[in-house]
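Asker: Read off the chains here:
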Amino acid sequence: MKSREFAENPIVTEIIRNALVSAANEMNESLFRSAYSPVIYEMKDCAVAIFNEKLQSLGQSQGVPLFLGNLEESVKYATSYFGGFDFYKEGDIFILNDSYITGTHVNDITVFAPIFYKESLVGFSANRAHWLDVGSKDPGAPMNSTEIFQEGIRLGPLKLADRGEFRTDIIDTICLNSRFPRNARGDLYAQIAACKTGEKRFIEILDRFSLKTVRRAALDIFKQSENIERAVITQIPDGVYTADGFCDNDGYNDKPVYVKVTITVKDGEIYIDLNGSSNMSEGNVNCGFAQTISACRLAYKMIVQPHGPVTGGSFKPLHVTAPEKTIFTAVEPAACAWYFTHLGLLIDLIMKALQDAIPDMVGAAHYGDSMVIYLTGYKPENNERFFSVEPAVGGWGALSDKDGVDCLINTVNGDFKNLPVEIFENETPAKIIRYAMRQDSEGPGRNRGGLGVTREYEICANNVELYSWFERSKDPAWGIRGGKTALPPVIIIKDEKGNVVDELFKTNNYILKKGWIVQLNTGGGGGYGNPFDREPHRVLEDYRQGYISGNHAKDAYGVEITSSGEVDPVKTAVLRSNSQC
Amino acid sequence: MSRYRVSIDIGGTFTDFVFFDTLTNEQKEGKALTTPDNLTDSVISGLGVEIKDLSEVAFFVHGTTVGLNSLLQRKGSRVALITTRGFRDVYEIARGNRKEMYNLRFSKPTPLLKRMDIYEVDERILYDGTIEKPLDMNSVIKAAEEINSQRYDSIAICLINAYINPIHETEIENIIRELTDKPVSLSHKIAREWREYERTSTTIINAYIAPTVKEYLKTLEQRMHDNGFKNPIHIMQSGGGVITSSIAKDSPIQTLLSGPVGGALANKYLSDTLGYKNLIGVDMGGTSYDVSMIINGRPDVSTETIFEGFPILTPMVNIYTIGAGGGSIAWVEGGGLRVGPVSAGAQPGPACYDRGGTDPTITDANVVLGRIDVDGFLGGSLRLNRAKATAAVQKVADQINISVNETAEGICKVADAKMADAIRQLTVRKGIDPREFVLVAFGGAGPMHACLTAEELGIETILVPELPGVLSAWGMHQSDLRLDTVRTMKKIVNTIAPEEISEQYRAMIEEIEPMLLEQQIDESKIEYSRVADVRYFGQEYTVQVPLKRGPVTRETLNDLTELFYEIHNQIYGHSNQVEPVEIVNLRLVGIGKLEKTPKHKDETVHTDKPAARKVVKAIFHNREYNTAIYKRSTLKTGQTLSGPAIIEEKTSTTVVPPGYNVTVDPYRNLVIKKGKEGA
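Here the protein sequences line up with chains H and U, keeping their order.
Its first residue numbered 0, the first sequence is counted upward by one per residue in numbering that gives the first Met the number 0.
Its first residue numbered 0, the second sequence is counted upward by one per residue in numbering that gives the first Met the number 0.
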């Protein structure tokens with residue numbers, strides 16, 4: 000006897016559910032293990048999924064969180080471009096990267112393949128991975144592009160393999176467009192291999208359970224996901240919640256880029272509307288709508304269902320809208336290289352908007368963006384080109400029950416690991432002289448935000464070029480529920496004598512001389528709750544460990560610490576009663 | 000006279016013993032309750048049950064969990080770290096990554112020491128080993144005095160780029176040693192590899208557990224010697240060899256996975272004696288499911304592991320833990336059935352233990368199905384309550400609207416499939432096909448689920464070795480002395496002068512050989528094997544490629560490159576003969592061959608049918624079968640039986656589903672294979 004809500008036997012469904020998740024994980028393993036670029040296997044700047052023939056997700060594996068659910072949009076677009084599903088033949092493989100279809104920047108390459116079973120189309124395996132370079136005007140991705148044509152090769156949906164035959168002319172042409180063709184080719188083959196792994200495992204599952212059973216089980220799996228999410232959403236009170244903030248600029252014009260979010264929770268549905276946000280920017284802080292939906296799904300998932308897998312039944316209660324031709328709905332010729340800067344802000348703002356509705360389920364803002372620098376030039380010993388790309392860690396927002404995490408990578412970068420000093424120095428003519436937690440950079444609160452970081456480089460060659468993208472300096476990580484704002488980021492440049500010559504945020508082709516110092520400082524995370532409510536012994540402990548200074552303990556937390564390193568209870572009581580925090 | 004060879008594996012509840020009598024060729028298992036407050040008590044008392052005079056013990060090997068427990072329970076020592084100025088926070092920043100990408104509440108592992116326990120000194124070595132800034136003695140003395148006055152138990156030293164030039168670490172050590180006799184852990188001695196965070200983490204763990212392990216080993220040595228034991232104590236190390244206790248005291252991190260490694264060695268022995276090249280070992284206990292592998296006759300060893308969130312750069316036999324044990328709980332989410340990862344643990348345990356547990360576990364499902372006999376569990380020492388098991392499973396059955404028996408079988412099926420999925424992912428990662436493997440099942444619950452897990456994976460042969468409940472202790476008898484060392488040398492293969500590599504290996508042999516000889520091994524018993532970590536230039540991951548024996552020549556390096564292509568192709572499915580190939584690390588393993596305890600081979604073959612203890616009803620494939628229960632101790636070489644059947648022994652239960660046939664091989668292993676359809 001079966002429950003009326005479900006079509007298939009619950010045991011069979013559970014075995015199939017686990018097998019599909021496992022198949023997606025195997026695709027990921029296959030991609031990580033054979034990719035050439037660290038950006039894929041370390042930063043996990045990739046995503047994989049298996050879909051049914053209706054492009055509903057059967058299995059999806061964790062990659063960069065920002066790619067939640069826009070792979071299917073890419074395949075949908077390709078299908079309509081080619082005139083329908085009948086176009087696909089067994090053994091075909093496709094590629095595309097156009098920002099307005101995929102939603103992201105052209106460095107993100109999507110590869111997908113139709114899956115056939117007993118000669119009929121039963122689904123797709125697809126993945127997306129970030130390529131180091133696709134031929135933009137500057138190496139990597141440009142910091143100041145103003146139209147997509149400066150950002151590298153654009154691939155509409157394009158056939159890479161025709162019924163099992165590789166089109167080597169096409170593959171060669173694509174790789175010709177990269178400054179690092181070896182990586183491009185290696186990563187492309189890794190993506191193709193991952194598609195094959197997904198196809199193979201999916202067919203094994205169909206062989207074992209039959210197509211009919213898998214289809215019925217899939218419907219039950221979707222229903223389960225929807226039930227789980229809807230049960231959590233009932234905890235969010237109905238209402239209209241808003242928040243707004245801004246990015247420093249778009250990389251080209253020094254004007255703020257505004258994000259405004261209005262969240263309506265009503266009858267178990269969540270509507271996110273982005274009306275009031277900036278129009279398409281002249282610089283490259285823009286993204287296609289597919290990516291905007293993904294960012295909202297990421298925030299939704301962090302709140303509603305952080306642990307379960309994504310299925311075709313996920314995100315049903317979530318509805319996202321935005322006016323045309325904004326930073327969230329870019330069209331040609333908008334530049335999209337830094338498609339994630341305003342999305343990181345959007346995710347923080349969604350949490351902010353909901354702070355009073357679900358105070359235990361959201362956190363204060365984090366340091367906000369990837370804080371990337373490139374160092375490039377020629378090695379003095381052999382005149383070979385070097386190219387180093389590093390995002391930097393920073394502080395995370397505090398939560399209702401714990402401090403924010405210190406020195407952690409930002410939301411959209413997932414599992415990215417910082418580069419060890421010892422490896423960096425082997426590959427780059429620069430030396431790291433300090434890598435430290437940045438004192439007093441946290442947003443004070445009853446629970447404090449996490450600390451930012453300081454990373455200091457001494458340049459060991461002449462004419463090293465610096466590119467940087469530092470953000471959230473004007474609207475740094477805010478606190479919630481009475482918590483305070485954290486310190487903003489800044490890059491300080493010193494000459495060989497130690498004199499400060501510049502303070503930078505975003506820069507292109509900035510020439511550094513031998514002996515100069517580049518000091519990166521990233522921001523902290525916002526605080527949660529009134530900092531004067533923080534227990535003095537916790538403030539003291541932060542002081543003892545050197546996370547905060549004595550002055551900061553006094554000014555921000557109202558705690559006086561004596562010269563012998565203890566809390567002065569009398570002065571602390573006075574400070575806390577006199578000041579209105 | 001010295002006739003016994005003894006191994007001991009200390010676990011959370013029991014301490015397992017395996018005794019070999021070299022006079023009679025007999026082996027015996029023993030168990031004593033573990034005495035957590037003083038672990039040597041259970042060792043000494045358990046030994047005393049079999050052997051009164053320890054001078055009769057020729058060889059004593061021991062898997063210790065002392066280091067592991069002090070790390071798991073965060074009960075290690077107060078450690079001070081000395082590092083290069085500017086890099087105090089390397090340890091706390093870690094690599095900054097967020098493993099759980101959707102989890103807003105993600106945290107880094109709690110550091111083993113506080114920020115104020117880290118002291119900076121002025122010095123700087125560059126990436127190529129040149130000294131940019133000589134060690135400033137005043138800064139060292141200042142730090143050393145502070146450390147001394149703060150009464151730390153243990154000191155770790157890890158400087159930037161010390162892997163390429165350790166001179167400053169050694170200089171600091173000399174100063175510290177003048178001030179204190181506390182253990183000092185140097186990063187270049189513990190893990191001479193690049194990447195400062197990973198090396199720091201490894202060194203700190205070593206320092207953290209050093210005083211506890213040292214104290215324990217001293218006590219054990221003393222008590223063993225008081226009872227007449229005259230030989231060195233051998234300790235299992237995580238890489239699959241043994242070391243004497245004197246080495247273990249300096250480098251306790253090598254003993255971290257001392258216990259479970261024995262299981263992998265037992266599998267290696269089975270592989271050698273039975274001729275199976277590829278084995279998957281599954282050890283299923285109450286709360287976890289541990290998988291290890293023998294690939295091409297060799298244990299699968301990693302040179303880098305993440306443990307409790309911390310990276311460790313010492314060789315360890317890979318043991319992958321999956322959250323499915325006999326105690327894993329079945330529950331309902333969104334209308335769907337789920338099994339695990341939450342476990343009922345030892346307390347309250349499964350509902351059938353009748354200790355207050357009411358959630359249905361995998362063990363309960365087996366009891367409902369009749370696959371575990373309520374009177375025969377753990378040799379009859381724990382009587383199970385079937386009614387409680389049924390009531391627990393019924394709770395879930397009601398929620399998903401199917402019968403209690405169907406639910407119980409469903410719970411087992413979901414668990415079997417999950418284990419198979421997890422094993423498949425591990426093999427995909429290594430580019431191997433599980434169907435080419437033999438499944439070796441051990442631990443209390445491993446042999447219960449082995450057949451159906453193997454079926455999911457397409458594995459044809461299942462092996463249940465003798466003494467599956469104490470297999471780790473048994474495997475320790477099959478080990479050699481082992482010491483590992485490593486040098487980072489990052490160079491494109493065809494630009495390296497062969498002499499450069501010879502020079503590195505000469506230095507490594509000079510480092511290891513005295514330590515091997517110190518362990519009372521004859522020079523003629525020492526063997527070295529050389530491995531290089533190799534990758535395509537530009538890749539991050541490396542592949543371990545063995546170097547051919549003999550002097551290193553251009554030809555050796557060409558062979559290395561060829562072999563790299565081959566292995567790369569096996570693991571990743573492609574290789575490119577045009578791309579430049581780069582060496583990153585050179586590794587040396589020194590082996591001191593020890594005498595082994597061979598397994599006795601039965602020459603007599605019995606063809607009579609084994610006698611069943613009793614026949615019960617058990618459910619398979621939604622149908623009730625008459626199922627015979629056998630005692631393992633009554634089964635003899637050559638005998639065969641067919642499923643459905645249950646084979647009970649003191650520490651484990653084997654379930655043979657319908658359609659499977661069992662043969663007892665000359666080494667008394669149960670070899671289980673699926674028969675032809677309908678057999």
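One should not assume that every hint holds.
Listed below are the simulated EDC-like cross-link pairs for lysine to aspartate or glutamate, each with C-alpha atoms no more than 20 Å apart in a straight line [as the list claims (entries may be wrong)]:
(1) H:Lys-222 with U:Asp-127
(2) H:Lys-416 with U:Glu-303
(3) H:Lys-199 with U:Glu-435
(4) U:Lys-229 with U:Asp-521
(5) H:Lys-430 with U:Asp-127
(6) U:Lys-113 with H:Glu-383
(7) U:Lys-113 with H:Glu-565
(8) U:Lys-107 with H:Glu-540
(9) U:Lys-490 with H:Glu-565
It should be emphasised that the hints constitute simulated quantities derived from the structure, not laboratory data.
Since the model is a prediction, treat every value here as computed from it, not as a measurement.
Asker: Next, verify each hint and record whether it holds.
Answerer: Hints and how they fare:
A threshold of 20 Å between alpha carbons decides the hint, and for Lys-222 (chain H) with Asp-127 (chain U) the separation of about 59 Å lies outside it, so the pair is violated. Taken as a hint, the Lys-416 (chain H) and Glu-303 (chain U) pair is honoured in the structure, with Cα atoms around 16 Å apart against an allowance of 20 Å. Between Lys-199 (chain H) and Glu-435 (chain U), the direct Cα distance comes to roughly 18 Å. Compliance with the 20 Å bound is thereby established for this hinted pair. Between Lys-229 (chain U) and Asp-521 (chain U), the direct Cα distance comes to roughly 18 Å. Compliance with the 20 Å bound is thereby established for this hinted pair.
Between the alpha carbons of Lys-430 (chain H) and Asp-127 (chain U) the distance comes to roughly 12 Å, so the proposed pair stays at or under 20 Å and holds. Taking the CA atoms of Lys-113 (chain U) and Glu-383 (chain H), the gap is about 42 Å. The hint is violated against a cut of 20 Å. A C-alpha spacing of about 18 Å is found between Lys-113 (chain U) and Glu-565 (chain H), which places the hinted pair at or below 20 Å, so the restraint holds. Distance check on the hinted pair: Lys-107 (chain U) and Glu-540 (chain H) sit about 19 Å apart at the alpha-carbon level, within 20 Å; holds.
The suggested pairing of Lys-490 (chain U) with Glu-565 (chain H) is violated, with an alpha-carbon distance near 54 Å, which exceeds 20 Å.
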